[in-house]
Structures are given as structure tokens and as C-alpha cells.
Amino acid sequence: MSDKKTWTLTNVDERTWLDSFDLSSDIIAQASPLPWTIKKRTLHGGLTDGVDVIEVDNGAFFFTVVPTRGMGLWRGEYDGCKLGWRSPVKGPVNPAFVNQVDCGGLGWLQGFDEWMCRCGLASFGPPVKDVIVDDEGNSSEADLTLHGRIANTPANRVELEVTTGNPPVLTVVGVVEEAMLFFPQLRLTTRISTEVGSNRITVSDEIVNLKDTPAEFEILYHCNFGPPFMAAGSRLVSPTRRVAPRDPLSGEGMANVFEYGPPVPGFVEQVYWHSLASDADGNSLILLRNADGDRGAVLRFNVNELPCFTQWKNTAAISEGYVTGLEPGTAFPNPKTFERSRGRIITLEPGERYHADVTVEVHTTPDGVSSVEDEVTALLDGVDPEICPAPLPEWSVV
Amino acid sequence: MSDKKTWTLTNVDERTWLDSFDLSSDIIAQASPLPWTIKKRTLHGGLTDGVDVIEVDNGAFFFTVVPTRGMGLWRGEYDGCKLGWRSPVKGPVNPAFVNQVDCGGLGWLQGFDEWMCRCGLASFGPPVKDVIVDDEGNSSEADLTLHGRIANTPANRVELEVTTGNPPVLTVVGVVEEAMLFFPQLRLTTRISTEVGSNRITVSDEIVNLKDTPAEFEILYHCNFGPPFMAAGSRLVSPTRRVAPRDPLSGEGMANVFEYGPPVPGFVEQVYWHSLASDADGNSLILLRNADGDRGAVLRFNVNELPCFTQWKNTAAISEGYVTGLEPGTAFPNPKTFERSRGRIITLEPGERYHADVTVEVHTTPDGVSSVEDEVTALLDGVDPEICPAPLPEWSVV
Amino acid sequence: MSDKKTWTLTNVDERTWLDSFDLSSDIIAQASPLPWTIKKRTLHGGLTDGVDVIEVDNGAFFFTVVPTRGMGLWRGEYDGCKLGWRSPVKGPVNPAFVNQVDCGGLGWLQGFDEWMCRCGLASFGPPVKDVIVDDEGNSSEADLTLHGRIANTPANRVELEVTTGNPPVLTVVGVVEEAMLFFPQLRLTTRISTEVGSNRITVSDEIVNLKDTPAEFEILYHCNFGPPFMAAGSRLVSPTRRVAPRDPLSGEGMANVFEYGPPVPGFVEQVYWHSLASDADGNSLILLRNADGDRGAVLRFNVNELPCFTQWKNTAAISEGYVTGLEPGTAFPNPKTFERSRGRIITLEPGERYHADVTVEVHTTPDGVSSVEDEVTALLDGVDPEICPAPLPEWSVV
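As you go down the protein sequences, you meet chains F, V and D in turn. In this text, residue positions in the first sequence follow our numbering: the first is 1, and each later residue adds one. In this text, residue positions in the second sequence follow our numbering: the first is 399, and each later residue adds one. In this text, residue positions in the third sequence follow our numbering: the first is 797, and each later residue adds one.
Honestly, the hints are just simulated from the structure, not real lab data. It is possible that part of the hints are untrue.
Claimed, not checked - With a straight-line cut-off of 16 Å between C-alpha atoms, the simulated EDC-like cross-links for lysine to aspartate or glutamate are:
1) V:402 - V:559
2) F:90 - D:822
3) V:488 - F:14
4) V:403 - V:539
5) D:835 - D:851
6) D:878 - D:851
7) D:886 - V:411
8) F:5 - F:19
9) V:480 - V:759
10) D:878 - D:1077
11) F:4 - F:161
12) D:835 - D:822
13) F:90 - D:809
14) V:488 - F:26
15) D:886 - V:559
16) F:82 - F:294
17) V:437 - V:533
18) D:878 - D:1090
Claimed, not checked - If we take Cβ atoms under 10 Å as the criterion, some of the chain F residues that face chain V in the derived model are:
19) 13
20) 42
21) 101
22) 102
23) 154
24) 181
25) 211
26) 277
27) 351
What the hints assert, rightly or not - Chain D regions said to be covered by chain V (calculated; three or more residues, Cβ under 8 Å):
28) 833-844
29) 878-889
30) 903-910
31) 1052-1063
Here the structure is a predicted model, which is why all the values come from computation and not from measurement. Note that beta-carbon positions come from the ideal geometry of N, C-alpha and C, so glycine has one too.
Same shape as in the complex, but just chain F (with noise of 0.2 Å):
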């Protein structure tokens, strides 16, 4: 049996805030196989100022939250290895120095240096210009910018719970919202939980459409890998049922998609779409390993709730951010006037909710990586990738 105990560090609502928050195994009288902290901070100077961020140490695995970008996932490290990559932004950076309209709708790259961050909520994918329709028929144009406002939304709404099992469960709780008037209404509430000592952290979301008529709602986790587990030999293993690249330029590293070179200095990136297999209730999960075998992180989650899997390759030099992207998502990261034209955009009725899991595991071992190249080549139950040269017209503008 055990119990929840939770605390509060920030309600927009009820003005409660705590500057800096700190919470360890020490301070909670329960049985630990290891120590674990949490500790809230708000940083200060450069871009950073301002940001909070909460950083969850397991015992084994340690990872930073930040509530000011959208609840995104920062940096971890498990076991000597570092999760993330090295952006050309020194962040966390605070979305009130980020001018997402800036650089022609580009300006999201001015904030981008997170480990994982979440594309969407009304919208991701490149600037595009689309055309909205009123209930009276009224049509308006919007320009659509990069990735969409989630990732530079601060939470008005931080919690922290621990549940008192053996081992623990220790769970950041943000609530997002993406709203203002006559625009979408999309709450975000996500938790983010991993047990003490486990390589794993699990980010649950939940979005519900808040307004009286329906929206349109798309979601894309953006997983970001440099070295040690994205280097030259890397690969992605994944269970592929089918993958097209998603441009010409892309269509011409198709030979060696699942592959990895070194960084090259100007490197454009390639982007791939893939459709992956799944066991019988969706579950699938993707792979990224090292050359040696000896180092892999993994991400779990179900196709039912992000059937688009996007691998963004960046192999640029180490300093213009040698970088491989990772994406399920609910959507491929197009314009969303052509996801739209796809029928790949959701559409959310009057409360209604939308659910996705993706769980991020760290392997430092070859046996840990082996079970689960294992458990891909069980979902691939023997079928061959169908490797498609070209951009496809379901899932590229070509």
C-alpha cells in the first residue's frame, strides 16, 4: 500500500509561488532503495532570466523540468550519459525573449535547446499562412508560425507528488494552457513521473479543448539526441513498416536512413516519415544506439495516440548543433494546411480529451540495448521495411 503526498510551487490562480523548493529522501520518512531529490529553482541572467526550473535527481537518473517553456524536458543524465544535445542557444531560455513571429515565423528556433519539447498545441510544423473559418462563415487568414505556442507557454500550474511505494514514484504535475479569445482553448496537463533508481522517465499528457465548439489539436514530441547516443555509427532501430523521406534532398540519403555519420560542418538537415508496427493494443517504441552497442535511448509509446513517427536527421557540426530529432506525434510536422488536407489533424469536440504517453529509457549496457533491439525485431515479426525512395503524396508536399 502507499501513499500520495503532493505540494504546490505554483497556482496562477491561487498566487501561490515558491521562488526555489526543495524535497528529498531525506525529508520524507519512507523506506528508499536510494536517495532522491527535488529541488525547484528560478535562474537568472542572459536569456535564462526568470525561468524556473525543477530538476529530479532518482537516484540514478537525473532530469530538469522547466514549467516557463511549456513543462519541457531540459537536460537528464543517467549513469554518466547525457540526455539532450548542444543547441546554439544557451538556455533554458524564457519565452519573453523569444519572438516567434521573428526571422519570417522562424523565431521558436531562438528558444529551442531542449531535450524534449512538446510541438503543437493548434499547431506545428513550418510558418505557413492558413485560412480560419467563423462559425458565420467569416474566413481569416492567420500565419501559422514554427512549432506553435506550447513550448514557450509557461505553466500556471506546478505540483509535486511523491507516492510513497518502495520503490517511490516521484511526479512533476504542470498544467499548460495554450488560449485567448476567439483563438483555440487547449489545456495541457501533463506528468511527468519516474520510480527511484529507474532508467526511466514516463511524460503523460492529457489535452482537453476548453471551448463550447470544437478545435483542432495537434501534438508532437520533440526528443532530442546529440552524442553519446547520436554519433557517427549511431542508428535507429526501430519497426519500421514503411519509410519516405520527406524531400528530394532527404530522398537522397534513403540508402543509409536508419544510419548515422559524423558531423559535417553545413550539413542540411534530412527528414524521414515513418509509419512504425505495434503489438495488438499500439504499443511500439523506437531505439537509438550507439555504434558500440553499448549505449541506447529509448522511446516507448503507443501509435493509437501518435501513429507519425519523424526522424530528423542534423548531423552538422558538433557546434551548429550535431543533433538527431525523435518524434512521435499525432501528425507529421508539415505544413499544417497540408496535415490538415490528410485528415491527419485531430479534431477535439466540447471537452473533449486527448491522451499520450511517451516514455524515455536510458540503456548503458549491450544486454540492456540488445532486449531491446529484441523487442523491435519481435514487432517486426520478419517484415522488411518498405523503404520508399521518394517523398510520398499522403505524406509529403511534392
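Chains V and D: place on chain F using the hints.
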């Protein structure tokens, strides 16, 4: 005889700043019919991070002034009745998180959740491309964004005044400058005052052109009411001489222009322009009363100062911001270019000052409400309003 | 022999931050000809909210460095004379309140009130649509906003250095990165130093290209003077070899290009491009002196580093920002596309560093001023400047 005491909360020039401050009838040794308090707070977390608010409780009427948002009134409460509305936005929002250029120039809505905010000072109304001509005859284009900059400009000076009469008068003074090189330089000095125990707040504004060249100017007081004053069966009681719809869609609602319906999900806003009768000195008023006639919110102003009265009906679902805006202004919230063509943009000479007062008054008894209705009836003087079925070329872009 | 002591005020990587900090000749046990102080403060209220400033008083020269605004110099004072100008903006302004995209790309002016700020680093000059071509030959459009991003980028590292010689040297060191994925990654390291008791401040900048691919770069030092240095009858004394107007309107003022008139309400700015003589090592200087010749502000720099000198006359009313900008730069503040076409945009190879120094020197005696005039005369070496009546195709978009 009365004395005046003053306290400076913010003075950017002198680097005066109080993170929090409390004042009350206990502290000031004086006769007061009721205990009163004034509290300054700095908010933290979510979109409110860094916003300073001043909470005034005159013993009967509680309201919040927001220096960070151009000295707007955020919310109020009188005799158990809430003043304001339930915006989809959870504010008050720090302007640092508002991008007015975003959403096709509608980004102002990212911060819009006040009970009363000002629109202006160089322009208000919908986004429009304006043309500016300098003293050498060079013309350049400027994209005006929704409702101008004043509501997203922090005050650089904030003071409290208490006049120790009986009853005492509590005043919040604020100075907000909308100014930059090569652009208008308009300074707003506002005095927001209330007598202890009264049902009234008076917003008394002075705007001055700081340049040595003439400057265009317009201001509109966006006063927004939801329940309990705005509800199904509520009525606008106004000394309307003439009322016309902004657009054909609004024209469909002319038969019930003075009535409010229940929340309708997806309702598209309807807007009406009014000219109002006044007394010989220009004093006028409007009343929003509920169906039972026991709740009434009144705005008192002078039509010589604020000749254009706008009624905004947005009877969408409660969750979507069921609200009416009652908006006395120097012009109608049309594109500034149109208002200029109709002669409704004011030009202030160098150093010239413009003065405007708006008094909010609340009634929670049938007698109080009906006495205001009698005032309106007296102003109408037996003349029925002219109800125009379609937009007028003088008032609307048609 | 001298020692060096250092203090870290801000280091984002190491989460070092001091909200306030005081250093003075009393604290440091050393010989000093005059008492000196360095104070770090964090400002609050209005548009300055959250801005950190470092106030240096070398015993004779007082000046303010603003880490939050890219290590600009906000204001100064020497021997009772103010350095800087009276901008319509009440700053120093937190970049969080500046929307550079606003006002047709002129939003930079929302924060412009410094005595000396940098323009750049990827671009400066007026808003213009640029075309960027990637390594695969794909081209995309980018809207460049006025004067680039560096002045609105907070420093992520700030240090103080005191060299304990006689006199001691006080230095503020700052690191500002203008970087984001897919865009230029330029790091500015500045050393702003002054000897105790001296009439000089030296700004010594190093810019490095952090990418592994070549990057364009330009920098301009926007040094702005109002009274008492700029006043009716003030003169620019410069070793001008050639001067031309930016545009025909400026050309109308060629007869008095070196003189300044009194404030004129509504005056439209005039801009002149100069090439300057220098000594054999490239060292040059310019002087702004008042009519009486007893006030002079000097800029010393090297024309090999900063070959393009811009003179900005904005003799509008005092209230409107009566000011002259004296602006040594790597290029002229034309649209970047034009400067590129004329070969004035620098390309930095991977890891390449660019160095530029600007020294500000103040004189408040006739002897001091005339000695600088003698320096300029010596550089001119008897050659009259070539005064071009109309814009030159080499220098101006004509």
C-alpha cells in the same frame, strides 16, 4: 478640511520600487467610516510572472489596478458581485509574453482579460496598414496592430494618495508613456480614485503630446462585463440617439440591440455604434442591468470627451468568454485609416492635453438600478432612438 | 608590477548570479589616486523591469554598462557633463518589452536610449528582405529587422576585473551570444575598461564565428550625443577624406555637414557617410565639440577595423530626441543586401575572430579640445576633404 498623504511605489527615473506594500485605515490615523486597505503585490508564475498589481478595498468595493498593463483595472467586486469577465486568458498577463504582431496583428488578445483596459493611444481598432508622412513629405507604411500599445506598456511611475477627509478618498496615480524615437510620444497620467465605502471608481485620465510637433491620438475604454451583470435577459439602458450596426452580421441583431441573449457556443461577435444624449454639459451615462433589475453596472462619462460609444456583444459560451464590452471612446474601433477619413482622430498640438473621465458605479438593489434608469429616461427626454438597420457610411467601412 | 583580481557577476552555465554587488577602492587594499566604485544593480518597474546595470565610477568618469542590453553603455558623466542623450524612451529597456518585428521592422527603436549601443552582429541597417542560401543551394527569405539583435540580447557571462596598478584599471567583461539553430552563431566578448581618474573608456570587442561554416558579420558602434556636446554651433572635427550624403535630403545639408544646428521640431534625420584619414597603423579619431570649444567628446578607433564612419544628424526638438550619432562601423547602415553588393560585409571563417576597439574620451577644457583638433589636423595633413554633393553609387542606394 482634508490633508493628502502620498506614497511612491514606482519611479523609474529615481529607481524607486516597492516589491510589496500595505496601507490601511489602521495605519493612517484618521476617521474612516469603514476599514479600507491598499496592497501592492508582485505576481509570479505562469503568464503573470513579474506583473505588479495594486489591490484597493474601499470597505465596500474591491478592485485591482495593474501598473504593468498600462494601469488597467483587472477585476472588481462589490457587494458579492464580480466585476469583469472570464477570459480564456489566465492573467493579468505580463506584456513580455504578449506579441502584438502575432496572429496577424491580433496578438493583443494574448493578454486580454481585464475588466477595463484602455485602447490607444496612437491608434486602436483592428490591424491595418497605415501610411505615415514625415515633415519632408516622405511616406512610409506602418502595420498597426489591434488596439495599440497602451494596455501592454508598464507604468513608469505609480503613487498612492489618501485624502484624509470623511470619507477618505483613495487614489492610485500612474504614468504610462507610449513613446519611441520617430514615433508618437504620448504620456498618460491616470488618477483612479474611490471614496471609502462608495460604489464608485473614477478613472480620470490626462494624455499629453510630448513632442514639439502635432500628434494623432485616440483612446477607448474597453469595459468588459460578464455575469452577473451580463446574462440572458440583461439589457443595455442607454440614452441612445442613434445606433447602427458595425457590419451586416451585426445588423441581423438590430431588433434586439439593447438585449442580451444566453451563451451560444460559437457565437460570432456583434458590434454596435451609438451616439448618446447628454445633459447640457455633455454628461452622459449607460447602464447594464440584469433581467431582474437588481444588478446594474453604470459607466458615467462626458460625450464631449468621449463622443463615440461602442457596444460589443460577445455572447459566446461562458468558457469562451461570454462578455459585453461597453466602450466609450474618442472614436469607433474601426481601422484608424477609416476613422481618420471620417474626422474622428484627434490631433494634439505640442504640449496639448486631453482629458477624459470614466466613472464606474455599481448597483445591487432594484431601487439603485431604477434610479439610474430614470436618469437615462430623463436624458432621452421622450425621444425614441433612431435604430439603423444597416451600417452607416459615416460610421462603418461598408 | 600589477595584480589582477576578478569577480563573476553572471555566469549562466554555472548559474552564477548576483542581484546586487558593490566594489570600491575601500574594499580593495591598494594604492589608488582617487576613490572609485563599481556597483551592480537590478532595476525594477516600467520598461526597465529586470534589467541589470553596472555603474562604474573611476573617480572622475561615471558610466553605466547594461549587460541585459548586450553590454551597451547607457549613460555617462564626466566633470559635470552628461554623456548620452534624452531619448523619448525611458530605459534602459528590458528586451522582453521590445518587439523588433513591430512597426514594420523598426521595433528596435522601442528600446533605443543608450549612449553607445552596438548594431549587428549578423546584420544592421534598415529592415530589408534578405535571401539566404544553404549548403544544398536551397534559398529562403529572411526579414532583417532594424540594426540586428545584439543590443537586445542579454549577456550570459559578466565579470569584473581590477588591475591593482597605479592607477588601477577597472574592467567590465561581458559575453553576449547571438546564436540559434540554422542561423549565425556569433559570440561577442567585450572588455570595457577605464583607468582610475581618467577621461577615457575603452570598449574592446572580439567577435568569433562559433560555427564550422563561414558566417557573415558586421558591427557598428552607435554612439549618441545630445547636449552639452551636441548643441547649436557644435562641430564634427574629423579627418575626413571624403564625405557624401546618404540620400538627396541629406544632400541638401552638405554645405554645413560638419556643423550642427539648433533643435528644429519635426526635423527629418540627415545621414552622412565618411571615409577618414588615419596614421600609418590605421589609428584615427573624431571629435564632437561645442561652439565655445570647451566641451569635446572624442571617439578613437582604427579604420582597419572600422573603415566606415557614419554621421547621423537628428536635430529635432529636445523632447523628440535631439541627438547626433557618431558611428564607426565595419560597413554603412544601409540595407545589408546593398552593403553585401558593395563588398562591405565581412565573412568570418570557422573560429575566426574579429577585433574592434572604440575609445571614448571627454574633454572639458579649451586646451583639451584644441589638442584633439590638432591631432585631427595632423591626420588631414593639409588635404581638404572631398565633399560630395550627392549620394555616391558606391555608398548609397541611389
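Which hints, by number, does the structure contradict?
Violated: hints 2, 4, 8, 10, 14, 15, 17, 26.
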